[in-house]
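Trainee: Chain residues, written in single-letter form:
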Amino acid sequence: MTQTGMRALFLEELTRVAPDIDPAEVSDTDHLQEDLELDSMDVLNLAAALHQRLGIDIPEADYAQIATVGSAVRYLSAAASAD
Amino acid sequence: MGLFVMPSLGADMESGTLAEWLVAPGDTVARGDAVAVVETQKGAIEIECFEAGTVQELKAKPGTVLPVGAPMAVIRAEGEAAPELDAVPEPEQELEPQIKPEPAAETAPAPARGTVPAAATAVAGTVKASPAARVRAAELGLDLGTVTGSGPGGAVVLADVEPAGNRDTGAPASRLDEMRKAIAAAMTRSKQTIPHFYLSQTMDVQGALDMLAARNAGVPPSERILLGAVLLRAAALAAQKAATLNGHFTDGAFHPAEQVNPGLAVALRGGGLVAPALADVPAMTLDGTMAAMRDIVARARAGRLKSSELTRGTITVSSLGETGGEVMAGVIFPPQVALIGIGAPQLRPWVHGGEVVPRRVVTVTVAADHRVSGGRQAARFLSEFETLISQPEAL
Chain A
1 MTQTGMRALF LEELTRVAPD IDPAEVSDTD HLQEDLELDS MDVLNLAAAL
51 HQRLGIDIPE ADYAQIATVG SAVRYLSAAA SAD
Chain B
1 MGLFVMPSLG ADMESGTLAE WLVAPGDTVA RGDAVAVVET QKGAIEIECF
51 EAGTVQELKA KPGTVLPVGA PMAVIRAEGE AAPELDAVPE PEQELEPQIK
101 PEPAAETAPA PARGTVPAAA TAVAGTVKAS PAARVRAAEL GLDLGTVTGS
151 GPGGAVVLAD VEPAGNRDTG APASRLDEMR KAIAAAMTRS KQTIPHFYLS
201 QTMDVQGALD MLAARNAGVP PSERILLGAV LLRAAALAAQ KAATLNGHFT
251 DGAFHPAEQV NPGLAVALRG GGLVAPALAD VPAMTLDGTM AAMRDIVARA
301 RAGRLKSSEL TRGTITVSSL GETGGEVMAG VIFPPQVALI GIGAPQLRPW
351 VHGGEVVPRR VVTVTVAADH RVSGGRQAAR FLSEFETLIS QPEAL
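So the protein lines, in turn, are chains A and B. Counted from 1, the first sequence has number 24 at position 24 by our numbering; the numbering is strictly sequential. Counted from 1, the second sequence has number 361 at position 361 by our numbering; the numbering is strictly sequential.
Honestly, I wouldn't trust all of these hints.
Computed, partial: chain A to chain B, Cβ under 8 Å [claimed, not checked]:
| hint | residue |
| --- | --- |
| 1 | T4 |
| 2 | G5 |
| 3 | A18 |
| 4 | D22 |
| 5 | P23 |
| 6 | D35 |
| 7 | D39 |
| 8 | G55 |
These are calculated hints, taken from the structure and not from any lab test. Here the structure is a predicted model, which means the values were calculated and not measured. Think of the CB as a built atom: it goes at the ideal place given N, C-alpha and C, for glycine as much as any other residue.
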């Protein structure tokens with residue numbers, strides 16, 4: 001999957017967890033918790049949704065690598081191509 | 001029973017708007033079944049009935065604003081005679097006072113039940129508006145045609161009329177504005193009537209975090225447990241040992257609760273806040289507590305809570321999560337008598353096993369009603385909480 005495709009997929013799952021976020025206004029440098037105001041329950045639900053959709057299980061130890069939208073897309077792209 | 005009335009879902013609720021019936025005449029209902037959806041300042045709430053029976057008559061129409069206590073339906077218990085309907089006050093008499101309907105409205109086709117609120121029926125040449133909005137607009141001398149409606153199908157509802165009349169901006173009040181109003185009323189009343197006192201203690205949660213890290217490493221995200229669930233269990237179990245923090249203060253007296261039903265303060269993006277309560281958390285497992293939290297937080301965000309979840313709370317737990325502030329001294333949610341504020345975990349030098357080592361700690365703050373309890377009971381709670389969180393496997 002391309003980075004663009006992965007980004008679209010990520011934003012789809014993100015806005016499913018947080019329906020009040022407008023995907024058009026999300027930038028790659030946005031921090032999931034500080035800028036987009038996801039709490040730990042939202043991050044868990046997002047991780048669960050991504051696991052179900054992509055089969056990529058993000059361990060808690062890797063949460064720092066998905067802290068921003070851009071880094072999360074890179075993390076997921078790398079994990080998807082490693083399979 | 002007989003009459004099913006608009007319940008009070010909080011001390012400051014005056015009315016709710018019937019959005020949808022979930023039952024029809026002839027349906028049998030069990031205790032706890034959701035029978036209607038009501039729009040309140042806290043979002044759309046599923047109203048549950050308290051007794052089993054058969055729905056005999058739906059008295060209120062969707063779209064109607066009903067004050068607390070107004071009759072909504074007649075539900076007949078098994079073997080019970082139908083109540084005397086004539087003795088029942090009609091809500092419409094209070095709600096649609098002396099306003100003649102637009103002539104065209106009488107010939108408009110009736111909308112399908114549960115889709116378009118009857119009071120907001122589209123009528124050619126007239127403005128769609130709820131009866132309450134019409135009354136208020138007439139009082140304010142406001143032309144409804146100049147108001148932007150936020151109701152179903154663009155109908156003007158009461159909230160649209162108020163800001164337009166008061167501020168002359170024409171901007172409709174959003175649901176979040178309505179929620180802020182409800183929070184303001186409840187919190188102002190709390191601070192004006194409840195003599196709050198506060199007691200804090202900072203405690204080591206590294207053991208609980210280590211336990212969760214080990215446990216969560218081996219399971220997929222859907223089975224992981226958050227620190228919040230462990231803290232909620234500790235708070236609920238500690239509240240069992242501090243009876244004067246768990247219950248309601250009503251009619252000038254404290255009524256301790258037999259169960260611990262902790263309300264969970266859920267922050268909504270944009271500034272809203274709602275505190276739905278889980279039932280009897282001490283009887284749950286840790287997995288069960290986590291599942292119940294996930295469910296109730298999801299429904300709080302989606303704006304679909306149940307009436308019992310808004311009224312059964314006996315104490316509130318407000319946890320600032322992983323990235324919030326360090327200490328929170330909260331405002332008690334009446335008629336409850338205590339709120340437990342839990343700060344975000346902080347990495348601190350801490351004495352552990354006789355040595356100073358880096359550990360994660362949280363500060364737990366009890367806000368309590370001094371009419372009911374004192375420092376001794378709050379200290380008992382904190383001491384119990386610390387003992388529980390130091391043995392996380394037992395939670």
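Trainee: Does the closest beta carbon of chain B sit nearer than 8 Å to the beta carbon of D22/A?
Mentor: Since chain B brings no Cβ nearer than about 12 Å to D22/A, farther than 8 Å, the hint is violated.
Trainee: Does the interface hint hold: is G55/A within less than 8 Å of chain B, judged Cβ to Cβ?
Mentor: Result: violated, 10 Å to nearest chain B Cβ.
Trainee: Closer than 8 Å between Cβ atoms is the bar; does A18/A clear it against chain B? Give me holds or violated.
Mentor: OK, holds: A18/A within 8 Å of chain B, min 7 Å.
Trainee: Against chain B, is D35/A within 8 Å by beta-carbon distance?
Mentor: violated, 11 Å
Trainee: Using 8 Å as the Cβ threshold, decide whether P23/A counts as touching chain B.
Mentor: Interface hint status for P23/A: violated (14 Å vs cutoff 8 Å).
Trainee: Quick check on D39/A please, does its C-beta sit within 8 Å of some C-beta on chain B?
Mentor: Nearest chain B Cβ about 5 Å off; hint holds.
Trainee: Under the criterion of a CB-CB separation shorter than 8 Å, is G5/A in contact with chain B as hinted?
Mentor: violated, 22 Å
Trainee: Could you check if T4/A really has its C-beta closer than 8 Å to a C-beta on chain B?
Mentor: violated, 25 Å
Violated hints, in rising order: 1, 2, 4, 5, 6, 8; the structure is consistent with all others.
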